[in-house]
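> The residues making up each chain are set out below.
There are 2 protein chains.
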Amino acid sequence: MATSLISRQLAFSLQKNVWLSASGCRYVSKAAAKTQVEFDYDGPSMTTTVPGPRSQELMKQLGQIQNTGAINFFCNYEESKGNYLVDVDGNRMLDIYTQISSIPIGYNHPALLKVMTNPNNLSTFVNRPALGILPPENFPDKITESLLSVAPSGMTRVQTMSCGACSNENAYKAIFIWYRNKERGPNTPTNEELNTSMINQAPGCPELSILSFMGGFHGRTLGCLATTHSKAIHKLDIPSFDWPVAPFPRLQYPLDEFTRDNAEEEARCLEEHGCAFHVDEVQTGGGGTGKFWAHEHWGMDDPADVVSFSKKLLSGGYYHKDELQADKPYRIFNTWMGDPSKNLFLSEVLNVIRRENLLEQVTRSGKALLNGLYELQAQYPSILSRARGQGTFCAIDACDDATRDRIMLKARDKGVLLGGCGDRTIRFRPALVFKEYHVNLFLNIFNDVLAQHK
Amino acid sequence: MATSLISRQLAFSLQKNVWLSASGCRYVSKAAAKTQVEFDYDGPSMTTTVPGPRSQELMKQLGQIQNTGAINFFCNYEESKGNYLVDVDGNRMLDIYTQISSIPIGYNHPALLKVMTNPNNLSTFVNRPALGILPPENFPDKITESLLSVAPSGMTRVQTMSCGACSNENAYKAIFIWYRNKERGPNTPTNEELNTSMINQAPGCPELSILSFMGGFHGRTLGCLATTHSKAIHKLDIPSFDWPVAPFPRLQYPLDEFTRDNAEEEARCLEEHGCAFHVDEVQTGGGGTGKFWAHEHWGMDDPADVVSFSKKLLSGGYYHKDELQADKPYRIFNTWMGDPSKNLFLSEVLNVIRRENLLEQVTRSGKALLNGLYELQAQYPSILSRARGQGTFCAIDACDDATRDRIMLKARDKGVLLGGCGDRTIRFRPALVFKEYHVNLFLNIFNDVLAQHK
Chain R
1 MATSLISRQL
11 AFSLQKNVWL
21 SASGCRYVSK
31 AAAKTQVEFD
41 YDGPSMTTTV
51 PGPRSQELMK
61 QLGQIQNTGA
71 INFFCNYEES
81 KGNYLVDVDG
91 NRMLDIYTQI
101 SSIPIGYNHP
111 ALLKVMTNPN
121 NLSTFVNRPA
131 LGILPPENFP
141 DKITESLLSV
151 APSGMTRVQT
161 MSCGACSNEN
171 AYKAIFIWYR
181 NKERGPNTPT
191 NEELNTSMIN
201 QAPGCPELSI
211 LSFMGGFHGR
221 TLGCLATTHS
231 KAIHKLDIPS
241 FDWPVAPFPR
251 LQYPLDEFTR
261 DNAEEEARCL
271 EEHGCAFHVD
281 EVQTGGGGTG
291 KFWAHEHWGM
301 DDPADVVSFS
311 KKLLSGGYYH
321 KDELQADKPY
331 RIFNTWMGDP
341 SKNLFLSEVL
351 NVIRRENLLE
361 QVTRSGKALL
371 NGLYELQAQY
381 PSILSRARGQ
391 GTFCAIDACD
401 DATRDRIMLK
411 ARDKGVLLGG
421 CGDRTIRFRP
431 ALVFKEYHVN
441 LFLNIFNDVL
451 AQHK
Chain X
1 MATSLISRQL
11 AFSLQKNVWL
21 SASGCRYVSK
31 AAAKTQVEFD
41 YDGPSMTTTV
51 PGPRSQELMK
61 QLGQIQNTGA
71 INFFCNYEES
81 KGNYLVDVDG
91 NRMLDIYTQI
101 SSIPIGYNHP
111 ALLKVMTNPN
121 NLSTFVNRPA
131 LGILPPENFP
141 DKITESLLSV
151 APSGMTRVQT
161 MSCGACSNEN
171 AYKAIFIWYR
181 NKERGPNTPT
191 NEELNTSMIN
201 QAPGCPELSI
211 LSFMGGFHGR
221 TLGCLATTHS
231 KAIHKLDIPS
241 FDWPVAPFPR
251 LQYPLDEFTR
261 DNAEEEARCL
271 EEHGCAFHVD
281 EVQTGGGGTG
291 KFWAHEHWGM
301 DDPADVVSFS
311 KKLLSGGYYH
321 KDELQADKPY
331 RIFNTWMGDP
341 SKNLFLSEVL
351 NVIRRENLLE
361 QVTRSGKALL
371 NGLYELQAQY
381 PSILSRARGQ
391 GTFCAIDACD
401 DATRDRIMLK
411 ARDKGVLLGG
421 CGDRTIRFRP
431 ALVFKEYHVN
441 LFLNIFNDVL
451 AQHK
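If you read the sequences in order, they're chains R and X. Position one of the first sequence corresponds to residue 1 (the UniProt record's numbering), numbered consecutively onward. Position one of the second sequence corresponds to residue 1 (the UniProt record's numbering), numbered consecutively onward.
Isolated chain R, as found in the complex:
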């Protein structure tokens, strides 16, 4: 849902961008700044096509245990550094996908390695607590200095969870509980409600629903999956709640050329109201758009009732307004409810973001990236279109899925790792330490790929 309104702000911000039309120019790649060099390489380095022989060998081995159809290649995480992912065949790739957008400040960041070697942190890793019943002494402080220090506007409460799907599942539950308690007013639940809930029937299990956007993705557990509508393969054969789907604005790009059409299209898709508004920032949160939360770009006073997160925040959870807190214990609960060892890392990630002004860095890199994509789509209009994005959270469409896939594989063999999404889209999800220098590296390689594309 987060992405639904970002485009409004984009319409404004993009008007200020300089539209570079000098097609075919080479991008000057300045050497990385000193602080970056310490944990970054100076460029891709390829020794084989990808996946190389060692990856293929491991693929066979793992094939005995799991479906490996989605595996790209096997990685050498020890040798990976900063923006570069190294594979088991010694190939070093500029990583613009970062484990599906979940590596916030690059591989093996020295600040994170330091967390590991601090003896005071040992017990947090070794003794995973049941946070809902027996939290560690430093839990309130740690959660205050990490998650609450970046809480969305108007939210002072946060519930941690282990992953993105569990975050959304529990956010939905919090909304249902809040809604029913509102309906119930001062009354306590009736015996009929309690008894029917035990056998999956109304009124105890009410026929309420979450309205979600067509095309959206909010996870794959059964509750989340009923709000996911991006690909049939995610949903086929899995029973679903009969929940409604709202159309998602089909905007035309570039936004500043279609301001009126897009405003009408958005109005058409946003006619519904009167319920809690949950903004899923599992992928958008954590700084990739140039603000910590994508919904900040909307510039609204009261943008959301619930905001869920995971990925770049290293473990999951959701923020919520006070009134969305479940009224009783054990209504929002599970054994682990997150993982304090991930919060240790998150505190350090936030320190690095502040110290190195990484959100400003993302804004600069994002501008360079989007301008570069505009140029490339102007230069290769039969291949690329609809370049769009905010910060480095960008995307561009290929003419069809086969072309998209071929371009991505060629880029990979030249040392650039990208991610796909939708039917024919390439998405850019670099780490927050992705600088203009890396943008230029990417654009040059991508330009070469497109030039060679028949």
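Don't read these hints as lab results, they were simulated from the structure. Treat each hint with caution, since some may be false.
Just so you know, same-sequence chains aren't split out, so a pair can sit in one copy or run between any two.
Claimed, not checked - With a straight-line Cα cutoff of 25 Å, these simulated DMTMM-like cross-link-like pairs (lysine to aspartate or glutamate) come out:
| id | residue 1 | residue 2 |
| --- | --- | --- |
| 1 | 231 | 192 |
| 2 | 291 | 256 |
| 3 | 231 | 348 |
| 4 | 231 | 57 |
| 5 | 114 | 78 |
| 6 | 231 | 323 |
| 7 | 321 | 264 |
| 8 | 114 | 348 |
| 9 | 414 | 356 |
| 10 | 328 | 272 |
| 11 | 60 | 137 |
| 12 | 321 | 57 |
| 13 | 291 | 400 |
| 14 | 410 | 360 |
| 15 | 367 | 322 |
| 16 | 114 | 137 |
| 17 | 114 | 79 |
| 18 | 328 | 401 |
Go by the hints and put chain X onto chain R.
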């Protein structure tokens, strides 16, 4: 579901137990063995009632951020060791609940601390991969030496996940996919199936269901919750799938006195068949019953089609028969799909279990525990009844919930931490390093609590 059939084997195994009727005797607590001493204390030590003043202070602090109604007290995990959990007020308690059954070999086990300080492991903690697309080089080996080395009989395939709920959600999905593919035979999905799945409708999202037992608990995400029927507070106000519920055998204890009645009751509850059988071992797996998997006690050749796990295995997942593997990539998928850093710990946990013969230890401790509980219920028949269990995975009922709660609080103030479940049950979920020595410590304290109970 796992517990549904355990009782059969119990009926046999308990016949061999010696029924100790010497009520009121004191249990001799021998000093812990040398290897244990290194990371264990020699008994509880209480300085305040629980929660003490520091815990209460932290409770207030966290109350600004979360619902704290389920929190027992705050912990000092640095000072906790072996079977003893230390709280922030300096109270040291014998822990027979172990973070809802999820600490396999006690707190701060030296073998696990060693995993942390091994520099070769650093990058596994710092760079969490998207396992489904970019696994680390050692993933096939690590999974083979950890999870596959304890795979249930007949299963060579395992899918990792991050927590118990996600494990069950994905196990259900794997079953649905398998079932529909079986129905579909050689045909590919129709366009109608693909299109209807995108809008949450049949036939794409079929009206299939998971049959679960009344009283069972299988997690709290929306799919899992439709198969959970233990307490209304878990389910109230949350929309549910209209899935059926099977009665769970209401056995009479001790089992050897009610063999025929119980057999009839079990037959009544197990009349259904013809579908995949999923055994949820999230809580029962990992050795607490004296075998690594509780279902091994059934002694069946083909006990299950899918077995899910989490908790003592430190991260989640499920084993399955070959034919239960999803036919295409991305059908069972999410960003993290587990956490390899937890597998590092699991490998070491399994080494310790083997090296120290902990399953045999559990069997011995469990026998001592259950015999002690039999004695106590004979001595206090107005308070306790229905002692039961396998290994140290035991339970006993109090006469009512208020008595159960009071007994547990009194035991806690005397330095024994227990867990409740159901209406009026106390459950025992110690670590695998819980020895006869600890059983005796517990029984003496529990006896004192019961003697003082009015």
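> Please go over all the hints and tell whether each is borne out by the structure.
Against the structure, the hints come out as follows:
1. For the identical chains of this complex, residue 231 and residue 192 are inter-copy neighbours only, at 14 Å across copies versus 39 Å inside a copy, given an alpha-carbon limit of 25 Å.
2. Proximity of residue 291 and residue 256 under a CA criterion of 25 Å is satisfied intra-copy only: 21 Å inside one chain copy versus 66 Å between copies.
3. With identical chains, the CA atoms of residue 231 and residue 348 are never at most 25 Å apart, being 36 Å at best within one copy and 40 Å at best between copies.
4. Taking identical chains as interchangeable, the C-alpha atoms of residue 231 and residue 57 are never at most 25 Å apart, the minima being 30 Å within one chain and 49 Å between chains.
5. Within a single copy, residue 114 and residue 78 get their C-alpha atoms as close as 15 Å, and across copies as close as 19 Å, so both meet the 25 Å cut-off.
6. Only between protomers do residue 231 and residue 323 lie at most 25 Å apart by alpha-carbon distance; the minimum there is 24 Å, versus 34 Å within a single protomer.
7. For the homomeric pair residue 321 and residue 264, neither the shortest alpha-carbon distance inside one copy (31 Å) nor that between copies (52 Å) is at most 25 Å.
8. Taking the shortest alpha-carbon separations for residue 114 and residue 348, both the intra-copy value of 9 Å and the inter-copy value of 23 Å come in at or below 25 Å.
9. Proximity of residue 414 to residue 356 under the C-alpha cut-off of 25 Å is found in neither arrangement, the shortest distances being 30 Å within a copy and 51 Å between copies.
10. In the homo-oligomer, the alpha carbons of residue 328 and residue 272 never lie at most 25 Å apart, since the shortest distance is 30 Å inside one protomer and 37 Å across protomers.
11. Only between protomers do residue 60 and residue 137 lie at most 25 Å apart by alpha-carbon distance; the minimum there is 13 Å, versus 46 Å within a single protomer.
12. In this assembly of identical chains, residue 321 and residue 57 lie within 25 Å of each other by CA distance solely across copies; the values are 24 Å between and 50 Å within a copy.
13. With identical chains, the CA atoms of residue 291 and residue 400 are never at most 25 Å apart, being 32 Å at best within one copy and 54 Å at best between copies.
14. In this assembly of identical chains, residue 410 and residue 360 lie within 25 Å of each other by CA distance neither inside one copy nor across copies; the values are 31 Å within and 56 Å between.
15. In this assembly of identical chains, the alpha carbons of residue 367 and residue 322 never lie at most 25 Å apart, being 37 Å within a copy and 49 Å across copies at closest.
16. For the homomeric pair residue 114 and residue 137, the shortest alpha-carbon distances inside one copy (22 Å) and between copies (24 Å) are both at most 25 Å.
17. Within a single copy, residue 114 and residue 79 get their C-alpha atoms as close as 17 Å, and across copies as close as 22 Å, so both meet the 25 Å cut-off.
18. For the identical chains of this complex, residue 328 and residue 401 are inter-copy neighbours only, at 18 Å across copies versus 49 Å inside a copy, given an alpha-carbon limit of 25 Å.
Violated hints, listed in ascending order, are 3, 4, 7, 9, 10, 13, 14, 15; each of the other numbered hints is respected by the structure.
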